[in-house]
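Based on the hints, put chain B in the right spot on chain A.
2 protein chains.
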Amino acid sequence: MTLENDKQLRHRAEKVIPNGMYGHQSVLLLPPETPQFFSKAKGAYLWDPDGNRYIDYLCGYGPQLLGYGHEEVDEAYIRQLKQIDVATGPTPLMVDLAEAWVGLVDHADWAMFCKNGTDATTIALMTARAYRGRKKVLIAQGAYHGAANWCTPFPDGTVPDDRAHLISYTYNDVASLEAAVEEAGDDLAAIFASPFKHDVLTEQQLPDPAYAKRARALCDEKDALLIVDEIRAGLRIARDASWSLIGVKPDLTSWGKSLANGHPISALLGNDKAKEAAGKIYVTGSFWFAGAAMAASMVTLKLIRESNYLEHMIAMGDRLRAGLNEIAERRGIEISQTGPSQMPLIMFPDGAGGFNMEIGYEFTTGLMRRGVYFHPWHNMFISAAMTADDIDLTLTAADEAITSLSHIAV
Amino acid sequence: MTLENDKQLRHRAEKVIPNGMYGHQSVLLLPPETPQFFSKAKGAYLWDPDGNRYIDYLCGYGPQLLGYGHEEVDEAYIRQLKQIDVATGPTPLMVDLAEAWVGLVDHADWAMFCKNGTDATTIALMTARAYRGRKKVLIAQGAYHGAANWCTPFPDGTVPDDRAHLISYTYNDVASLEAAVEEAGDDLAAIFASPFKHDVLTEQQLPDPAYAKRARALCDEKDALLIVDEIRAGLRIARDASWSLIGVKPDLTSWGKSLANGHPISALLGNDKAKEAAGKIYVTGSFWFAGAAMAASMVTLKLIRESNYLEHMIAMGDRLRAGLNEIAERRGIEISQTGPSQMPLIMFPDGAGGFNMEIGYEFTTGLMRRGVYFHPWHNMFISAAMTADDIDLTLTAADEAITSLSHIAV
Numbered sequence: 016m017t018l019e020n021d022k023q024l025r026h027r028a029e030k031v032i033p034n035g036m037y038g039h040q041s042v043l044l045l046p047p048e049t050p051q052f053f054s055k056a057k058g059a060y061l062w063d064p065d066g067n068r069y070i071d072y073l074c075g076y077g078p079q080l081l082g083y084g085h086e087e088v089d090e091a092y093i094r095q096l097k098q099i100d101v102a103t104g105p106t107p108l109m110v111d112l113a114e115a116w117v118g119l120v121d122h123a124d125w126a127m128f129c130k131n132g133t134d135a136t137t138i139a140l141m142t143a144r145a146y147r148g149r150k151k152v153l154i155a156q157g158a159y160h161g162a163a164n165w166c167t168p169f170p171d172g173t174v175p176d177d178r179a180h181l182i183s184y185t186y187n188d189v190a191s192l193e194a195a196v197e198e199a200g201d202d203l204a205a206i207f208a209s210p211f212k213h214d215v216l217t218e219q220q221l222p223d224p225a226y227a228k229r230a231r232a233l234c235d236e237k238d239a240l241l242i243v244d245e246i247r248a249g250l251r252i253a254r255d256a257s258w259s260l261i262g263v264k265p266d267l268t269s270w271g272k273s274l275a276n277g278h279p280i281s282a283l284l285g286n287d288k289a290k291e292a293a294g295k296i297y298v299t300g301s302f303w304f305a306g307a308a309m310a311a312s313m314v315t316l317k318l319i320r321e322s323n324y325l326e327h328m329i330a331m332g333d334r335l336r337a338g339l340n341e342i343a344e345r346r347g348i349e350i351s352q353t354g355p356s357q358m359p360l361i362m363f364p365d366g367a368g369g370f371n372m373e374i375g376y377e378f379t380t381g382l383m384r385r386g387v388y389f390h391p392w393h394n395m396f397i398s399a400a401m402t403a404d405d406i407d408l409t410l411t412a413a414d415e416a417i418t419s420l421s422h423i424a425v
Numbered sequence: 016m017t018l019e020n021d022k023q024l025r026h027r028a029e030k031v032i033p034n035g036m037y038g039h040q041s042v043l044l045l046p047p048e049t050p051q052f053f054s055k056a057k058g059a060y061l062w063d064p065d066g067n068r069y070i071d072y073l074c075g076y077g078p079q080l081l082g083y084g085h086e087e088v089d090e091a092y093i094r095q096l097k098q099i100d101v102a103t104g105p106t107p108l109m110v111d112l113a114e115a116w117v118g119l120v121d122h123a124d125w126a127m128f129c130k131n132g133t134d135a136t137t138i139a140l141m142t143a144r145a146y147r148g149r150k151k152v153l154i155a156q157g158a159y160h161g162a163a164n165w166c167t168p169f170p171d172g173t174v175p176d177d178r179a180h181l182i183s184y185t186y187n188d189v190a191s192l193e194a195a196v197e198e199a200g201d202d203l204a205a206i207f208a209s210p211f212k213h214d215v216l217t218e219q220q221l222p223d224p225a226y227a228k229r230a231r232a233l234c235d236e237k238d239a240l241l242i243v244d245e246i247r248a249g250l251r252i253a254r255d256a257s258w259s260l261i262g263v264k265p266d267l268t269s270w271g272k273s274l275a276n277g278h279p280i281s282a283l284l285g286n287d288k289a290k291e292a293a294g295k296i297y298v299t300g301s302f303w304f305a306g307a308a309m310a311a312s313m314v315t316l317k318l319i320r321e322s323n324y325l326e327h328m329i330a331m332g333d334r335l336r337a338g339l340n341e342i343a344e345r346r347g348i349e350i351s352q353t354g355p356s357q358m359p360l361i362m363f364p365d366g367a368g369g370f371n372m373e374i375g376y377e378f379t380t381g382l383m384r385r386g387v388y389f390h391p392w393h394n395m396f397i398s399a400a401m402t403a404d405d406i407d408l409t410l411t412a413a414d415e416a417i418t419s420l421s422h423i424a425v
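Residue numbers (our numbering), protein chains in the order written: chain A, 16 to 425; chain B, 16 to 425.
For reference, chain A alone in the conformation it holds in the complex:
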């Protein structure tokens, strides 16, 4: 395995891109043998510029729900592109798509489309503040809701004022949520929550229904809005908002990444209670009304309604999880697998309540060398394009990788 072309590209990139790359796709905090660039993608596979093939468990960090280069979705995009895409007004497809979303997601009465996930969370924030003219917004400690100046996880380039009126609470902790609501007093605009706790570098947690229900009740009591940020998890948990599985209806849900299987579109969905507030704010973007990504999303939603993509992803995730547990047990190494199996986070406990990143990096590197792209500290994503053979190849690679790292682990 060589990464020579990737290395040359990195060298060129350093000259014309700050740090050579930025954001979540920079590999600076990943093992050194992680390719920075990719040259080809199809189905469950990625190829780097040196021709190495990987079964990709990141799926573009989420967008690839049905697999790379999905023919039916991409054909819809191309057909629409030839008719009309970005123009001086939206296409009729925008109405079709808003209707389709409202039909799919139970809590939703309306939709607004945008481009970035961060657009959708920013519109949610603004809608919640416009709702009753209040300022305080509760956000779970460590949760990621985008990378604009008000929400980026790192403070460089921001001012403390950017995060004014944001109050933090602990996910799944009712007492902490109640204390934060108390702190907001009569100025509570909204509670933000992720469908489950999918923060980096720490165990994922499924939502405690008591917490989700308390968040709903507190918002009702205070006439504030409950926002669930579905950008990462949406469409991988349910064919509806994720908390439909635990019987809690948000007022607003933000969606991104996967809603057109990789084509650029995001959305805020809301209920009638929040509609007037959403209509008061001024938000827009040059490409938000473009038709081609909406055509792709129409087909994606159709496949979501009509195919077994979700059951298949869960089956593949379960197969991976069970296989890895079996290997770890057989090799005598402790492994942490958390979150829904179709969005797994896999790390290695350090025996002191934390995680051993050295082992995680070695394991990921071992898999990389064997054609499997895993992430050592970010949740991964199963796609509907993965087959049982892909999972079994992954397990064979994982068995070898775990064997070769056991000298560190023991």
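If you are wondering where the hints come from, they were derived from the structure by calculation, not from laboratory data. Since we're looking at a predicted model, the values are computed, not measured. Treat the hints loosely; a few may be bogus.
[Stated by the list, open to error] The calculated lysine-lysine pairs, modelled on DSSO-like cross-linking and capped at a C-alpha distance of 30 Å, are:
#: 1; chain 1: A; residue 1: K290; chain 2: B; residue 2: K30
#: 2; chain 1: B; residue 1: K288; chain 2: A; residue 2: K30
#: 3; chain 1: A; residue 1: K317; chain 2: B; residue 2: K288
#: 4; chain 1: B; residue 1: K22; chain 2: A; residue 2: K97
#: 5; chain 1: B; residue 1: K288; chain 2: A; residue 2: K97
[What the hints assert, rightly or not] Take a look, some chain B residues computed to stay more than 12 Å from chain A by CB distance:
#: 6; residue: H26
#: 7; residue: D100
#: 8; residue: E114
#: 9; residue: V189
#: 10; residue: R254
#: 11; residue: K317
#: 12; residue: L339
#: 13; residue: I350
[To be verified] To spell it out: a stretch of chain B is covered by chain A in this simulated footprint if at least three of its residues, at any positions, have a beta carbon under 8 Å from a beta carbon of chain A; those stretches are:
#: 14; region: 34 to 43
#: 15; region: 82 to 95
#: 16; region: 288 to 301
We put the beta carbon where it would ideally sit given N, CA and C, even for glycine.
Same frame as chain A, now just chain B:
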């Protein structure tokens, strides 16, 4: 001319989209006969859902530089889409594109790509604040730099803290700029400027070189960054940053709309002085690294370098301006045409220092009925796809429209 299908779409949209539409593409503040939706686009033309054809002087509010459905650009998009678009890492094209931009724009040593124009201005803001850890940013009164909570022109849904440390000054007014710098004291991070004053509802102004040069000198003196926001004007003024025409080099320029002729991509370009600061901030987006829009931008940049698109747009703008002046003079109506002729703003003075919006609406409506899409209070955009015949058809329609409104005008 009927707008029956458009009307039905609006009726459906009201149910599932707040206000039926939002942002700059809502027609709520435009004449009632303005279609909200479009079903087809090609070259210089748009068709509404009722089959009415328009010569489109908005060009999607800027993105269409070379005309709708440009074959060579779109083919590059589609070819790349079939190879790899959104993935777990960027494609090698991202390096090619950063190099191409740095080659085209004299002040630039590096590039970061994103999706919305607002992304590019937000990254500029954050980079400027990261540069020396300072907070104050100067923005011209009335200038539009995006629609996130820190910059949206309307306050609903925002809190005053979102705009903390922004100081306003008057475009082209050196004394006002100096006073704002004085107010910032030793906490000046940046001065934002548009390439020319292109605010809505008011005359456009070309930049006074004395103002641009003073902005540059003040930034140098205070070790702050000069940011020119090229999102609306970029590539329509020069084959370089717009202020290259007056000999002023910004530290940062934000680009959007037209850099891939309608495909979704925006960019921040910067010089080496600002590179370390840009590398400190954390900004990202799920679709920012996607290959297809970068392939489209590579072809767009090639056509910018190699074709006479700019000279042609200026010639068409000049032809339109001269023709409208001739008609107005002949019909005895006063007309205001401001800004570069390829980005014209056309309004009707009210004789009291303001503009008569009633005449503007009547004129726009008269043109709309004759197959020409004009805007009564926002600058318009010439595209390279427009021909002398399109301009002459427009002038014929304008002559008729002005004749039929002269009872109001007099």
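D100(B): least C-beta distance to chain A exceeds 12 Å?
6 Å, violated
Can you tell me if the region 288 to 301 of chain B counts as covered by chain A, using C-beta to C-beta distances under 8 Å and a minimum of three residues?
holds (count 12)
Is the claim that L339(B) lies outside the interface with chain A correct, judged by CB distances over 12 Å?
Holds: least Cβ distance 20 Å, greater than 12 Å.
Just to be careful, I want the Cα atoms of K290(A) and K30(B) compared with a cutoff of 30 Å; is the pair within it?
10 Å, holds
Apply the coverage criterion to the region 82 to 95 of chain B and chain A: a residue qualifies when its Cβ sits closer than 8 Å to a Cβ of the chain, and three qualifying residues are needed.
With 5 residues in contact (Cβ-Cβ under 8 Å with chain A), the coverage given for the region 82 to 95 of chain B holds.
Measuring Cβ to Cβ, find out whether I350(B) lies farther than 12 Å from everything in chain A.
Check passes; 22 Å lies beyond 12 Å.
30 Å Cα cutoff - pair K288(B), K97(A):
42 Å, violated
Below or equal to 30 Å on CA atoms is what counts here, so check K317(A) against K288(B).
It is violated: about 50 Å lies between the C-alpha atoms, which goes past 30 Å.
12 Å cut-off, C-beta based - K317(B) kept clear of every residue in chain A
17 Å, holds
Distance rule for H26(B), whose beta carbon must clear each one in chain A by more than 12 Å:
10 Å, violated
Quick one: work out the minimum CB distance from V189(B) to chain A and report holds if it exceeds 12 Å, violated otherwise.
27 Å, holds
Grab the minimum beta-carbon distance between E114(B) and chain A and tell me whether it stays above 12 Å.
Answer for E114(B): violated, closest chain A Cβ roughly 5 Å.
Checked against the numbered hints given earlier, this structure breaks hints 3, 5, 6, 7, 8; the rest are met.
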